[in-house]
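2 protein chains.
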Amino acid sequence: VRIAVDAMGGDHAPEQVVLGALDAARKGVDVQLVGDRDAIQSILEESSESGNLTLVHAPQVVGMSEAPTVALRRKKRSSIRVAMDLAAEGKVDAVVTLGNSGVALATGVRVLGASPGVDRPALASFLPTTQGRVLVLDLGASVECRPAHLNTFAVMGTVLAQAVLDKRKPRVGLLSNGTEPEKGTPALRKAWRLLDENPVVSFEGYVEANEVFSHRVDVVVCDGFVGNVFLKAVEGTFSFLGQTVRKEARRDPLGWTAGLLAKPALERVQKTVEYSEVGGALLLGVETPVLVGHGRSKRRAVESALHFAHRVAEASLAERISARLAHLEQGK
Amino acid sequence: VRIAVDAMGGDHAPEQVVLGALDAARKGVDVQLVGDRDAIQSILEESSESGNLTLVHAPQVVGMSEAPTVALRRKKRSSIRVAMDLAAEGKVDAVVTLGNSGVALATGVRVLGASPGVDRPALASFLPTTQGRVLVLDLGASVECRPAHLNTFAVMGTVLAQAVLDKRKPRVGLLSNGTEPEKGTPALRKAWRLLDENPVVSFEGYVEANEVFSHRVDVVVCDGFVGNVFLKAVEGTFSFLGQTVRKEARRDPLGWTAGLLAKPALERVQKTVEYSEVGGALLLGVETPVLVGHGRSKRRAVESALHFAHRVAEASLAERISARLAHLEQGK
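In order, the protein sequence lines correspond to chains A and B.
Heads up: the first sequence runs through residues 1 to 332, numbered per the numbering used here.
Heads up: the second sequence runs through residues 1 to 332, numbered per the numbering used here.
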């Protein structure tokens with residue numbers, strides 16, 4: 001399998017992206033670096049070359065604040081677009097970008113096309129919990145969802161969790177405002193009934209947002225609006241708590257000393273919760289998986305994103321998702 | 001103003017509730033303790049009496065896991081119900097409970113009745129941020145909301161923020177999945193238009209869930225489903241991070257020593273983020289405000305809840321909310 005990397009996307013592009021890609025290539029990942037040839041080559045020349053890494057020129061760059069509609073129309077030779085085109089032509093099996101996530105989503109949906117049986121794409125991410133990782137989708141690709149879309153997300157999440165979490169029967173929950181069946185919106189209550197009869201999914205009913213971290217289920221399904229609020233609430237809380245702890249630690253000498261001593265432990269905490277380590281969010285429901293990493297990712301995070309994308313590409317997610325959905329359709 | 005306290009609700013009831021009420025009464029809050037006479041009196045006898053504290057007998061108790069519908073039908077002489085009845089009869093100006101929050105909500109809505117002009121009640125809470133507190137509503141009283149309901153919530157939140165945060169013109173934001181006007185659900189986009197034309201509200205557009213903690217606005221408005229997911233995501237993240245930090249600190253001697261040294265700083269962090277200090281969630285849109293505190297609250301948290309309820313009761317929220325809504329209605 002081969003992975004296309006948008007070398008020009010991200011806060012530290014192209015340098016950190018190219019270096020991370022080089023690290024992954026040295027460990028056997030087949031990488032196509034897409035971006036400005038001169039810029040990439042000047043970074044590559046400083047490092048030793050690798051047979052697993054090839055370069056595809058793309059003269060345009062999409063900025064972090066560009067609108068998806070504008071980028072789609074005017075940036076047809078941008079690194080992200082050329083990477084997606086390679087996927088659409090079957091030349092690569094996954095795309096990795098740390099760039100503008102709205103543009104990545106819109107371009108992926110437009111260029112790659114939907115997998116058979118999938119009406120709406122979903123953005124999925126693995127979050128840390130007290131006992132391993134939990135998969136949450138949709139985190140913002142499909143803002144409004146009908147019950148049938150949530151049912152499809154549950155199938156996609158099941159297939160991804162099987163491939164990545166090595167769970168034979170991942171437990172799936174619907175994100176709601178309580179666990180009793182009478183809770184939730186009418187759309188959620190209808191999705192509950194669909195999931196309850198879905199033979200492809202191990203459905204565990206509703207989960208509440210705080211239960212996500214206690215790992216009561218392996219896969220959490222929600223619409224893209226709710227998922228976006230959930231994810232940003234989690235990120236906001238992490239960042240707020242970090243700031244508060246730092247501020248309070250500075251207020252007395254004991255706290256300051258404690259901060260120094262606790263550094264190794266805090267770095268482990270950071271690593272547990274850092275999204276860059278998790279590998280970003282994955283666009284599912286399109287013919288080629290697209291990994292959208294955090295813009296702030298550096299060399300090591302880029303490398304781990306590439307290993308993750310490699311693993312996902314090997315799992316032939318799109319085919320497996322469509323096979324399950326066809327199986328469901330036949331059962332009706 | 002006089003406050004009714006459900007003495008039998010909460011993990012540490014009645015003892016900690018009675019003691020906290022006594023502390024508040026000694027500082028001038030006029031308290032009616034509602035619950036089992038004998039149980040309350042045996043606690044009161046151990047302390048010195050206070051002229052500001054009277055006792056109202058209620059023979060029944062509602063358990064933490066009882067269903068609201070059942071409690072409403074079968075527990076008409078429970079402490080929470082009798083406290084609400086006192087409010088409905090105009091004998092108290094606010095109700096405080098640490099008991100079953102679903103029952104408190106349902107009983108409040110049923111017994112107290114809606115304020116003129118209010119279609120749906122909302123549960124509001126003050127959350128800590130890096131720069132003071134932010135008010136978020138609805139946190140779960142009204143799961144599905146039409147745009148007009150969100151507009152009313154914005155008015156209720158404005159009035160509460162004026163009374164409690166001492167802001168003359170509190171900035172109000174709608175919780176959404178992005179800040180651009182084209183983001184959000186159709187209901188949110190319609191609510192945006194209503195709020196933009198609402199002369200009673202200083203509307204700042206959409207806010208994202210992570211921006212809540214950076215205090216870009218003073219009041220965050222959402223429907224009860226989204227608010228519940230938001231609040232529980234925040235609570236789950238707090239608790240997950242706390243567990244992770246403790247686990248990592250135990251893994252090496254430096255971390256362990258650091259933990260001891262950092263204790264004062266960590267306790268200040270805890271105090272900043274603890275909801276018991278904030279005073280719980282307030283049911284708005286009914287004729288008498290109801291404060292629903294955390295079940296785990298102890299003496300000091302109960303006392304601070306009572307001071308907060310006293311302050312809210314003095315502000316005549318219900319009248320002010322109805323006056324603003326009538327003003328809005330006339331403007332049409």
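Treat the hints as calculated values from the structure; they're not laboratory data.
Given the structure is predicted, the values throughout are model-derived calculations rather than measurements.
Be aware that one or more of the hints could be misleading.
In this list, chains with the same sequence are indistinguishable; a pair is considered to hold if it fits within one copy or across any two.
Quick list of in silico lysine-lysine cross-link-like pairs, BS3-like style, CA-CA up to 27 Å [as the list claims (entries may be wrong)]: (1) Lys190 - Lys27; (2) Lys183 - Lys76; (3) Lys91 - Lys183; (4) Lys91 - Lys190; (5) Lys167 - Lys247; (6) Lys190 - Lys169; (7) Lys167 - Lys91; (8) Lys298 - Lys190; (9) Lys298 - Lys169.
Within, between, both or neither, where Lys183 and Lys76 count as close if Cα-Cα is 27 Å or less: between (46 Å within a copy, 25 Å between copies)
Within, between, both or neither, where Lys167 and Lys247 count as close if Cα-Cα is 27 Å or less: Between copies, since 25 Å is at most 27 Å while 41 Å is not.
Identical-chain pair category, Lys190 with Lys27, by Cα at 27 Å: For Lys190 and Lys27, the Cα distance exceeds 27 Å both inside one copy (47 Å) and across copies (52 Å).
Homomeric proximity label, Lys298 with Lys190: Cα distance no greater than 27 Å: neither (43 Å within a copy, 41 Å between copies)
Within, between, both or neither, where Lys298 and Lys169 count as close if Cα-Cα is 27 Å or less: For Lys298 and Lys169, neither the intra-copy (34 Å) nor the inter-copy (43 Å) Cα distance is at most 27 Å.
Within, between, both or neither, where Lys167 and Lys91 count as close if Cα-Cα is 27 Å or less: neither (30 Å within a copy, 59 Å between copies)
Intra- versus inter-subunit Cα pairing at 27 Å for Lys91 with Lys190: For Lys91 and Lys190, neither the intra-copy (40 Å) nor the inter-copy (44 Å) Cα distance is at most 27 Å.
Intra- versus inter-subunit Cα pairing at 27 Å for Lys190 with Lys169: This pair counts as within: shortest intra-copy Cα distance 23 Å, inter-copy 42 Å.
Intra- versus inter-subunit Cα pairing at 27 Å for Lys91 with Lys183: neither (47 Å within a copy, 34 Å between copies)
The structure fails hints 1, 3, 4, 7, 8, 9 (numbered hints given earlier, in ascending order).
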